[in-house]
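Colleague: Under full-length UniProt numbering, think of the first position of the sequence shown as 1, with each following residue one higher.
Calculated directly from the structure, the hints in this document are not laboratory data. A hint or two may mislead.
What the hints assert, rightly or not - DSS-like cross-link-like pairs, simulated, lysine-lysine; straight-line CA separation at most 27 Å:
hint, residue 1, residue 2
1, K127, K348
2, K72, K61
3, K312, K348
4, K312, K14
5, K61, K127
6, K14, K341
7, K312, K341
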Amino acid sequence: MSSHGTPIPMTARKAGPLSGTADVPGDKSISHRSLILGAMAVGETRVTGLLEGQDVLDTAKAMRAFGAEVDKQGDTWVIHGVGTGGFAEPDNVIDCGNSGTGVRLIMGAMATTPITATFTGDASLNKRPMARVTDPLALFGARAYGRSGGRLPMTIVGAEAAVPVRYEVPVPSAQVKSAVLLAGLAAPGETVVIEREATRDHSERMLAGFGAQISTEVTNEARIITLTGQPELRPQTIVVPRDPSSAAFPVCAALIVEGSDVLVPNIGLNPTRAGLFTTLREMGADLTYENMREEGGEPVADLRARFSPDLKGIEVPPDRAASMIDEYPVLSVVAAFAEGKTHMPGVKELRVKESDRIDAMATGLRACGVEVDEGEDWWTVHGRGHGAVAGGATVESHLDHRIAMSFMVLGFAANAPVTVDDGGPIATSFPIFEPLMAGLGAEITRGQG
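Construct the entire structure; sequences and hints are all you get.
Modeller: Take a look at the structure:
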């Protein structure tokens, strides 16, 4: 089922050239953080370009439940914050829908305030492990009571007398790092997070922008992030750049659909997020950056993607995984249309996303005539080359928006239509996906092929 109602089958068919401008939504990571940090600041934060997908709307609703005023005025979202440590105890259960980012960051933000909150989500989110966040939050003094395996629904009892923490993140995870940093805001003294592999750094950049005292030391072995607790966060005016993870879909579609030429403007190219675009260029993609600039402390450019018939399979460096973890599903689609093997190691995080993304993509690609090998921490797609991917299957989305959109992209270039059993979850991150792709010339219909 869809996370929010009756399943919505969607079918993608081979398209003519894709052309035009793809105005993708705002960055999801920055949108979540804008709402949460705005709610923890004192005064009025104004946000334009916010992604209005269900995941982010659920975070906005949660911030209201914790006592912040969150309203939309025209194209601007206005947040009147309650200050660090100022969250009120919510009256009802906090439903974070499909969003692992939302629930984990919100848990961190409230864990060092002496209040209690209960969190739940949809069927997909309630299967995902939360111990990776609740374990470090326990070091601050918070307590978590959930289902077996550390899963939602879960009640967090905030620390009565929070203490600062020094925590080494055991696996690369921007969500865990961010949750610990947000918890550190209401704890006295210095909270330190150590990560052996760099992950997306939006939290660090935005915390500094809101006035927190935060520094990052980079050594040969690690990044050491130090946050001084109990600041008074200053409200901000934020322009959210457009989401590179959403841009991945029109970009990748343009590369594999014959004759395509698509411009995707105003895309955030934070180096901790741009691994997919680097990888595509290494595969021989005709992908260029135009009008490179900086907005709000983040590098931004317009991406131009053109049909690339001579893509080659490559070995993707494992240390690049953190910068493109959400893009591996659609990368595997591009790899299917390349010549030779694309090997993707160091990706065990994909096993615990909205779905087991390695299994979901491998199963669907095989059904569409593509050979895939997989292990716990790696997978390999044996590319068939342009014009040689059969398609013709109905695949399961597993309540996962990125799986659904990836198979839609495959259907635009496969020799027979591709159907996903439920495209409803696409609305969680990319609510305009269907009309945007149709505007470029793609063919998506609702219902079985």
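Colleague: Could you run down the list of hints and mark each one as holding or not?
Modeller: Status of each hint after checking the structure:
no.	hint	result
1	K127 - K348	17 Å, holds
2	K72 - K61	12 Å, holds
3	K312 - K348	24 Å, holds
4	K312 - K14	22 Å, holds
5	K61 - K127	22 Å, holds
6	K14 - K341	24 Å, holds
7	K312 - K341	8 Å, holds
Checked against the numbered hints given earlier, this structure breaks none of them.
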